[in-house]
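Number of protein chains: 2
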Amino acid sequence: MSSNEIDTLIELMAKLPGLGPRSARRAVLHLIRKRALLLTPLADAMQEVAVTARECLNCGNVGTTDICEICASEKRANGELCVVEDVSDLWAMERAGVFKGRYHVLGGTLSALDSIGPEDLSIPKLIDRITSENITEVILALNATVDGQTTAHYIADQLEDRVRLTSLAQGVPVGGELDYLDEGTISAALSARRAL
Amino acid sequence: MSSNEIDTLIELMAKLPGLGPRSARRAVLHLIRKRALLLTPLADAMQEVAVTARECLNCGNVGTTDICEICASEKRANGELCVVEDVSDLWAMERAGVFKGRYHVLGGTLSALDSIGPEDLSIPKLIDRITSENITEVILALNATVDGQTTAHYIADQLEDRVRLTSLAQGVPVGGELDYLDEGTISAALSARRAL
Chain G
39 MSSNEIDTLI
49 ELMAKLPGLG
59 PRSARRAVLH
69 LIRKRALLLT
79 PLADAMQEVA
89 VTARECLNCG
99 NVGTTDICEI
109 CASEKRANGE
119 LCVVEDVSDL
129 WAMERAGVFK
139 GRYHVLGGTL
149 SALDSIGPED
159 LSIPKLIDRI
169 TSENITEVIL
179 ALNATVDGQT
189 TAHYIADQLE
199 DRVRLTSLAQ
209 GVPVGGELDY
219 LDEGTISAAL
229 SARRAL
Chain E
39 MSSNEIDTLI
49 ELMAKLPGLG
59 PRSARRAVLH
69 LIRKRALLLT
79 PLADAMQEVA
89 VTARECLNCG
99 NVGTTDICEI
109 CASEKRANGE
119 LCVVEDVSDL
129 WAMERAGVFK
139 GRYHVLGGTL
149 SALDSIGPED
159 LSIPKLIDRI
169 TSENITEVIL
179 ALNATVDGQT
189 TAHYIADQLE
199 DRVRLTSLAQ
209 GVPVGGELDY
219 LDEGTISAAL
229 SARRAL
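Going down the list, the protein sequences come from chains G and E.
Remember, the working numbering sits 38 above the position in the first sequence when you count from 1.
Remember, the working numbering sits 38 above the position in the second sequence when you count from 1.
So that you can see chain G by itself, here it is in the shape it has in the complex:
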């Protein structure tokens, strides 16, 4: 149907999350049509990232230096640590652009089913950082899922009395319509209601 090199590329592209065989074929034809504008720059960018990407030794963020820009920045507030499950969550927090402290990426959540315990995540590292970086507040920004909340409770137990512990507020999303919200969110928003 086409040559080996193109088939190989289609097979590899189909392994990306969100792409299947059909969209991989479509993407590859698009790439071949835009060879100079997209295919070559993309190949170069991938090669570059394959060589330079690394995990921050301190927080687990992904970047191109041993210590990431956020950990290395002197503009970041000392003493505040935001704990997230994954690098994508850290990036989402950074896009909001309101948190000025530093991060700690757990690398997942505790899960009895998948036998993921505290030592499989970077929880011991987190406990070390509390002392070594004189952390006074830990914000648990874990996903509002069962596993995320279990992990938050476990970490809260470990850090109790040592730091101020907070978590993200639960409630109606900005722009959200009540009619489209689930009962759990509405009930959380009601019980956390605020004076106007």
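Don't read these hints as lab results, they were simulated from the structure.
Please note that the accuracy of each hint is not assured.
Identical copies go unnamed one by one, so any copy, or any two together, can satisfy a pair.
Said to hold, decoys possible - Taking lysine-lysine and the DSSO-like style, the derived pairs with C-alpha atoms no more than 30 Å apart in a straight line are: (1) LYS72 <-> LYS163; (2) LYS163 <-> LYS113; (3) LYS53 <-> LYS72; (4) LYS138 <-> LYS113; (5) LYS138 <-> LYS163.
Since the structure is predicted, the reported quantities are computational estimates derived from the model, not experimental observations.
With chain G fixed as given, assemble chain E onto it according to the hints.
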């Protein structure tokens, strides 16, 4: 939020059809995690395709040789030509694996709105091939859209009396349920009904 190299890769990935900024970020994090297994092979495969991919000078298929495997194959039936809009349509026909002749890729459809005329497509080339390759049957496998059918009629006018002209049958798709089909398809299937 992350380093320049990674941002560049995310921006380029977001230009692929079917991927937006969010899925591009997800794909790039996935790639970084599977560096040896996916990122490096993918970069290599892209580099390879960027160098080797070319359009078949005869039919317009995409491959790695000046004359594609299908045009060059001696096992293909001479005299039969299947006309398709796009390379992806040619690949779809090949996956079905039933057509044993050769192809001709138009590279689009006639469109008065976008001022695409016959000379913008490879229609003159198609007419040349009818003579030079002694074609006796042309199968118009164009999409069942208004533009596709307009193009099919135009080509049919040009080739009338010179070759046998056929088009793909219209009707109920295999596995299809009447309840889910549009009226046009049902009416086409009814008027083309066959004796059992």
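Results of checking the hints against the structure:
1. LYS72 <-> LYS163: Answer is between: at 23 Å across copies they meet the 30 Å cutoff, but 45 Å inside does not.
2. LYS163 <-> LYS113: within (23 Å within a copy, 64 Å between copies)
3. LYS53 <-> LYS72: This pair counts as both: shortest intra-copy Cα distance 21 Å, inter-copy 11 Å.
4. LYS138 <-> LYS113: within (8 Å within a copy, 67 Å between copies)
5. LYS138 <-> LYS163: within (21 Å within a copy, 63 Å between copies)
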